[in-house]
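Q: Okay, here's what each chain looks like letter by letter:
2 protein chains.
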Amino acid sequence: MSENNENIQFKISDELIEQVQSFVKRKDDKGTLDLLLEYHPADIAEIFDGLSINQATYIIKLLDSEKTADILMELDDDDREKILASLSAKEIAEEVEELDTDDAADIIAELSEDRQERVIAQIEDEELAADIQELLTYDEDSAGGLMAKELVKVYETWTVAGCLRRIRGQAADVTRVHSVYVVTKEEKLIGRLSLKDLITARSEQKIADIYKSDVDYVNADEDVEEVAKVMAKYDLEAIPVVDKDNTLLGRITIDDIVDVIKEEADKDYQLAAGITQEVEADDSIIELTRARLPWLFLGLIGGVGAFLIMEGFEAKLENYSILFLFTPLIAAMAGNVGVQSSAIIVQGLANDDVKGSINNRLIKEMLLAALNGVILALVLFLFVWYWTDELNLAIAISVSLVAVIIVAGLVGTFVPLFLDKRGVDPAIATGPFITTSNDIFGIVIYLMIAMTILGI
Amino acid sequence: MSENNENIQFKISDELIEQVQSFVKRKDDKGTLDLLLEYHPADIAEIFDGLSINQATYIIKLLDSEKTADILMELDDDDREKILASLSAKEIAEEVEELDTDDAADIIAELSEDRQERVIAQIEDEELAADIQELLTYDEDSAGGLMAKELVKVYETWTVAGCLRRIRGQAADVTRVHSVYVVTKEEKLIGRLSLKDLITARSEQKIADIYKSDVDYVNADEDVEEVAKVMAKYDLEAIPVVDKDNTLLGRITIDDIVDVIKEEADKDYQLAAGITQEVEADDSIIELTRARLPWLFLGLIGGVGAFLIMEGFEAKLENYSILFLFTPLIAAMAGNVGVQSSAIIVQGLANDDVKGSINNRLIKEMLLAALNGVILALVLFLFVWYWTDELNLAIAISVSLVAVIIVAGLVGTFVPLFLDKRGVDPAIATGPFITTSNDIFGIVIYLMIAMTILGI
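Chains as they are written, first to last, in the working numbering: chain A, 608 to 1063; chain B, 608 to 1063.
All clues given are correct.
The list cannot tell twin chains apart, which means a pair is met if one copy fits it or any two copies do.
Within a straight-line C-alpha distance of at most 25 Å, the following computed BS3-like cross-link-like pairs (lysine-lysine) qualify:
#1 Lys971 with Lys689
#2 Lys803 with Lys674
#3 Lys819 with Lys792
#4 Lys697 with Lys668
#5 Lys874 with Lys840
#6 Lys840 with Lys869
If you're looking for bench data, these hints aren't it; they were derived computationally from the structure.
Could you build the full structure based on these sequences and the hints that come with them?
A: Right, here's the structure in full:
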């Protein structure tokens, strides 16, 4: 992912961080302000990564809330929580008033319930307070939870000239105007107009005559991942959100969707790697342990299971104890094939690429696994035959490898498809889950087939 | 990733696909046209997934190129290649003329070199042809390769009124106007203006007086992943691209960046799962085998290595052959820990979260692995002691588990950091690479420590 990026102009240097630290230590407020003045809030948030929480809080209180609100939004959840803890309800309310409604609601949602009430009570702008309270009612993984109330809307009865005049007022509150939404008197969404359309239209034209009625929209209770898919598919930069009666409630912009896509990708990647909750390299050892230990326990149980199975076979395989020396190989192959198969299915499901019947998928995977398995088994056959000079043993091990690979491929294909049908996130089927179950299946199948072939 | 999504309004049904097929089979051109009229190009591309290439090509030739150009852009690379193969250079040129320059250049880049020349020669718009030829000179993974030539620019000397008048002409060619870029007479980028700024400014004001000089930009040779990071970090919806002399060349929009982010996430996910090249669930068995077999071979070699190591120890461990029955457990734990550690580092590197020295990372990982290892080893100790009633054996196995987990964690942390320093994509270090090497390390360490403790 990360490449050599020395030449990028947006990098925060260690020198800069040290400079900030020394200004803060000397309580040189003017120096700190002058130094940070030219930096983007996202850069200052990055500088904060190199500071202690006390130093960061000091700067937050020093800068004016127009800038600090954006810095707070850019911080890690953990750091923001710590800084907010040392701000009063009044101070938080001041920050929140500088933010768009969606960000404001996100920050407030992170507070304890009675703190939420106290902060909202301190917000002077009553409309903002009401908007935030509305946004807090939606599930955070729904379109309603992601949307902002800020948008520019015009009524179908307006003219272009009247429209331009009036939206100047609305637009001042909206960071970015992608589309102007056209509504009826009853606030029902009926269409859209781009600013470009407005600028290029004649000023006496009626909105009703020039608006585009093919407006995409989502319902407030739609899952954010579906919203992300729709926006990516249709290359939308903003999408309006409506309620069941088609009343325009808010809009979602692509920058929020970029975050959803990244989080989703990170989550799936971590699940595939056996990490159960969102963690970062800089989290504490306790947090990292909490995220990693559960899957490792699963692996341990699988390993104990494999031991018990092998022990059960041990007496019968007394003269073929060499078979046990291949169990790590068998387990590794079963695990690798299973992870490959499940990863392809999980990605296909995520991109809506997996169509058709489960049976066809399984037949294809079986053929694929058989092809891979036969190629690999041939190599293994030649090695074992050459090394041990026992043809039967070489046949037994390589034939069972083919069987193990086919079963592993089928399990890796079936489990995520099954989970998806059941409405469970198929990504949890990748990684340790598939590896562990395939280890056990693989070893049982291997030992049984080998025994049959060797006539034990 | 994928949830139950029955209720989404954007779904292509099997009935619709059958309907299209029957219209095409009956050569009912009017019926086909009427049916497809209301669908978005992205939806028609999805319908094409259910059609044969001949049927899809038939529809492409039937619809007018304004719509088909967008459909082509939405198709899988493979399908597009097949359809383009059956179009003449003239027909392709007509499609290309309907597209933005970035998409046009992408399509042409997929053709063979002499076909590229023939298609470009057929493009009637000379400026477009020149733009495409310029875009084809950039590396496809660079900002230049991703940018479009379409943008709205104004000279600093213009007034707001003159500006609005003149950009009406420019804007007609630009699908979305995010920002208006302000340039000097020599075409050097000096700032930006949002359409909102223009609309809300007084018409007699000079651009020089109202433009914002804090414009972010990237160089044409910047890596697209860096561009994606910058745009995500600063929540940009478009970014101008300049050459070394700061001359404005083009712009990159967020929808292209969304694709970059998704492709990057898909690639890392596949690497972690042991898939070497971009494949999809619907690719052919041969393509899938080509992507999967190399890592499986690596796993096979690792398994043979593990066998050879165990065989080397076999004679010495005659009386402790039970140790071999735990090798799948040891290998699985080493693999899981290694994958977890490397995944966290790979993600941290991708998000620029990994700062500070490698040594500190390794010390932290060692403590983390030791903590996890001791917890897991305690459980294993109790099991082995209970099951075998041999205290020494239980101690030997559980102590070596701790050592194996620590080494696996260190390898998983060090390898991606090392690759990244060397300028290699650290994502290749995850998955089978780490699992296989940790299998071998793990088994060697396990057997050696166990032997030492058991006094063999």
